[in-house]
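Given the sequences, and given the hints that come with them, work out the whole structure.
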Amino acid sequence: MAFEVPKNTYNGKIREITLGSGPSALKIGGETSYPLYIFEGAVPNKVKIAMEVWDTKPDDWPEAALEPFADVIADPVAWAKKCVDAYGAEAICLQLVSTDPNGANRGADEAAALVKKVADAISVPLIVWGTANHDKDTEVLRKVAEVCQGKTLAIGPVEEGDHKKIGAAAIGYNHTVVASTPIDINLAKQLNILLGNLGVSDDRIVMDPTVSSLGYGIEYCYSVMERVRQAALTQNDERLQFPFICNISREVWKTKEAKQPTAEAPELGDAARRGILMEAISATLLLVAGADLIIMRHPEAIKLVREVVNDLTG
Amino acid sequence: MILIGESINIMSQTIGPAMKERNPEPIQNMAKAETNAGVDYLDLNIGPARKSGQEFMDWMVRTVQAASDLPLSLDTTNQDAMEAGLKAVKGKVLMNSVSLQPERLERGLQLAKTYNADLIGLLWGAEGMPRDANERAVHAVNIVFKANELGIGNEHIWIDPIVSPVSVEINQVKACVEFMSMLGEIAPGCRSTVGLSNISNGTPTELRPWLNRTYMIMLMRYGLYSAIVDAFDKDLIAIARGNRPDIIKVVHQVMDGESVDTASLTEELKKYYKTAKVLRGESLYSHSWLEV
Numbered sequence: 000m001a002f003e004v005p006k007n008t009y010n011g012k013i014r015e016i017t018l019g020s021g022p023s024a025l026k027i028g029g030e031t032s033y034p035l036y037i038f039e040g041a042v043p044n045k046v047k048i049a050m051e052v053w054d055t056k057p058d059d060w061p062e063a064a065l066e067p068f069a070d071v072i073a074d075p076v077a078w079a080k081k082c083v084d085a086y087g088a089e090a091i092c093l094q095l096v097s098t099d100p101n102g103a104n105r106g107a108d109e110a111a112a113l114v115k116k117v118a119d120a121i122s123v124p125l126i127v128w129g130t131a132n133h134d135k136d137t138e139v140l141r142k143v144a145e146v147c148q149g150k151t152l153a154i155g156p157v158e159e160g161d162h163k164k165i166g167a168a169a170i171g172y173n174h175t176v177v178a179s180t181p182i183d184i185n186l187a188k189q190l191n192i193l194l195g196n197l198g199v200s201d202d203r204i205v206m207d208p209t210v211s212s213l214g215y216g217i218e219y220c221y222s223v224m225e226r227v228r229q230a231a232l233t234q235n236d237e238r239l240q241f242p243f244i245c246n247i248s249r250e251v252w253k254t255k256e257a258k259q260p261t262a263e264a265p266e267l268g269d270a271a272r273r274g275i276l277m278e279a280i281s282a283t284l285l286l287v288a289g290a291d292l293i294i295m296r297h298p299e300a301i302k303l304v305r306e307v308v309n310d311l312t313g
Numbered sequence: 000m001i002l003i004g005e006s007i008n009i010m011s012q013t014i015g016p017a018m019k020e021r022n023p024e025p026i027q028n029m030a031k032a033e034t035n036a037g038v039d040y041l042d043l044n045i046g047p048a049r050k051s052g053q054e055f056m057d058w059m060v061r062t063v064q065a066a067s068d069l070p071l072s073l074d075t076t077n078q079d080a081m082e083a084g085l086k087a088v089k090g091k092v093l094m095n096s097v098s099l100q101p102e103r104l105e106r107g108l109q110l111a112k113t114y115n116a117d118l119i120g121l122l123w124g125a126e127g128m129p130r131d132a133n134e135r136a137v138h139a140v141n142i143v144f145k146a147n148e149l150g151i152g153n154e155h156i157w158i159d160p161i162v163s164p165v166s167v168e169i170n171q172v173k174a175c176v177e178f179m180s181m182l183g184e185i186a187p188g189c190r191s192t193v194g195l196s197n198i199s200n201g202t203p204t205e206l207r208p209w210l211n212r213t214y215m216i217m218l219m220r221y222g223l224y225s226a227i228v229d230a231f232d233k234d235l236i237a238i239a240r241g242n243r244p245d246i247i248k249v250v251h252q253v254m255d256g257e258s259v260d261t262a263s264l265t266e267e268l269k270k271y272y273k274t275a276k277v278l279r280g281e282s283l284y285s286h287s288w289l290e291v
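Going down the list, the sequences are from chains S and W.
Using numbering that gives the first Met the number 0, the first residue of the first sequence is number 0, and each one after it goes up by one.
Using numbering that gives the first Met the number 0, the first residue of the second sequence is number 0, and each one after it goes up by one.
Any given hint could turn out to be false.
Said to hold, decoys possible - With a straight-line cut-off of 30 Å between C-alpha atoms, the simulated DSSO-like cross-links for lysine-lysine are:
#	chain 1	residue 1	chain 2	residue 2
1	S	K302	S	K258
2	W	K269	S	K12
3	W	K173	S	K6
4	S	K81	S	K253
5	S	K115	S	K26
6	W	K89	W	K19
7	W	K19	W	K91
8	S	K81	S	K26
9	W	K112	W	K86
10	W	K276	S	K12
11	S	K116	S	K80
12	S	K12	W	K173
13	S	K6	W	K276
14	S	K56	S	K116
15	S	K12	W	K273
16	S	K115	S	K45
17	S	K116	S	K142
18	W	K31	W	K89
19	S	K26	S	K116
20	W	K273	S	K163
21	W	K269	W	K233
22	W	K269	S	K163
23	S	K80	S	K302
24	S	K26	S	K6
For the record, the hints were derived by calculation from the structure and aren't laboratory data.
Values in this document were obtained by computation on a predicted structure and should not be read as measured data.
Here it is in structure tokens:
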């Protein structure tokens, strides 16, 4: 008897979501098979890489992560432009770190004005990431949504605790919601149901499964993402058929292993190489797990991941 | 089905404080209420009871037996407290539970033998929770073998395959049902029981009964002998007593993979249909499972 290659059967499809609008529009998702199973289904959109930009000069980044952005680190607009022009970022994720009430506690108006400036300066879609403080994010992201009407931003993290108010602003000003849940498939489904009940259109939802770095529980993230895709694709679970966004770079670069200078931990090898490889490997794991868009930091890590993406999706 | 009322429990916000204060009245009222609700046994869960466990269980047994004639299920991991309860109890009694950790197994079985008590054989191994139906089977064989060696007959062993919440791990929910379908062959004549409400742990309170009842039907299909339950869930008791064949039929249809004309179902039966789909792992649980 001739050998037959086993084949999965699918009855669901991941939604194709458009980030941004007009000439900057970027499509993600649309898969009809497990991640990178190009021999079983359609993978219409390659995994996209967004680069992160902070709204304030970072004070805890290791040298290796700062170096590529040394000339723009204090100017988010220039920083975002450099990511697009010099490093080919397919999207920008603006991290509103300075709005953290436990940090600089920058106000909503100021934050929104900066978001608008960055959005106006770049030709790629913009993802805006708050601090996961429900009260503050509600205030800031609602203002951002209003000021940036027409930009079709992706705004998040939108969690169960603040989904109503931020979701309503996203509906009102036509933005996409990044639905964020803490590494739990049942809660992920529940939040997507709630967003649907609220009236967020299904082509305006992307999912953040919550991710962590290599060495810090990424295997749990992997399992949850894998199970989400199984339910979405083989059980046709309509409330899980949304693309994944993975905000991984911050998780990687805050680890001890990515931050320790070479002199402090010579047994771990060259610090710069170490951080870059940790970011690249973490991102690679996530893309194998089903990530559709990965938020990354270091241009060298991005290069490595792009190679993998191109090798695996042709 | 033998139903064991779960409400006299140290974790309960109403009864727990009364138990700690040794205040008999709320406990006796609860015992009477559960008895009137129509259960067959009362579970007395005093928790680990590290301090003065013996006095505690002795007091609990006397307090409850002064208010109800139902047989008791003594629920503690403190084996000295268990023994004190066994000494104090009058009539039929069930030990809840004996698990497979070596130090617990030996003493537990010895107590069952000495006091001529039935025992719940909890399939919790030396390495914790069994991972699937086969590990449950191995544990069941081991506990039955050890009990038989001591001269304890299978009819005195109530195997508890351990129910875990649907919102945690659906494969465990399925494995528990699968194991129930094997138990008759593995350990002929053994009885069985489950802590039923654990299936809905983590689910919004008002929705829990749908999961409890539906899961009970699924396990009953494979001969579940008893369950520790919410005595005040009237529909659950009606199902257990065979008074709701309409509900049982729908759940069985889902279990058999039959296509069900959901449009023709009542709103109530539709909820059982959706719940059975979730508990079978055919659709993924979320807190809104009844609405989608």
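Quiz item: W/K173 and S/K6: Cα distance at most 30 Å?
Solution: Distance ~25 Å between W/K173 and S/K6 Cα, so the pair holds.
Quiz item: Has the given pair, S/K12 with W/K173, been kept, meaning a C-alpha gap of at most 30 Å?
Solution: holds, 26 Å
Practice problem: Starting from S/K116, check that the Cα of S/K142 is at most 30 Å away, please. | Solution: Within the cut-off at roughly 14 Å; holds.
Quiz item: Do the alpha carbons of W/K273 and S/K163 lie within 30 Å of each other, as the hint requires?
Solution: holds, 27 Å
Self-check item: Restraint check for W/K89 with W/K19, where alpha carbons must lie at most 30 Å apart
Solution: holds, 23 Å
Practice problem: Quickly compare the C-alpha distance for S/K116 and S/K80 to 30 Å and report which way the hint goes. | Solution: holds, 11 Å
Quiz item: W/K112 and W/K86: Cα distance at most 30 Å?
Solution: Status holds; Cα separation ~13 Å.
Quiz prompt | Restraint status (C-alpha distance of S/K26 to S/K6 at most 30 Å) | solution = holds, 27 Å
Quiz item: Taking 30 Å as the top limit, are the C-alpha atoms of S/K12 and W/K273 close enough?
Solution: OK: S/K12 and W/K273 at ~22 Å, within 30 Å.
Exercise. For the pair we were handed, S/K81 and S/K26, check the Cα-Cα distance against 30 Å.
Key: Holds, because 22 Å separates the two Cα atoms, which is no more than 30 Å.
Quiz item: Holds or violated: W/K269 with S/K163, Cα cutoff 30 Å?
Solution: holds, 29 Å
Quiz item: Quick one, are W/K269 and S/K12 close enough, alpha carbons at most 30 Å?
Solution: OK: W/K269 and S/K12 at ~27 Å, within 30 Å.
Of the numbered hints listed earlier, not one is contradicted by the structure.
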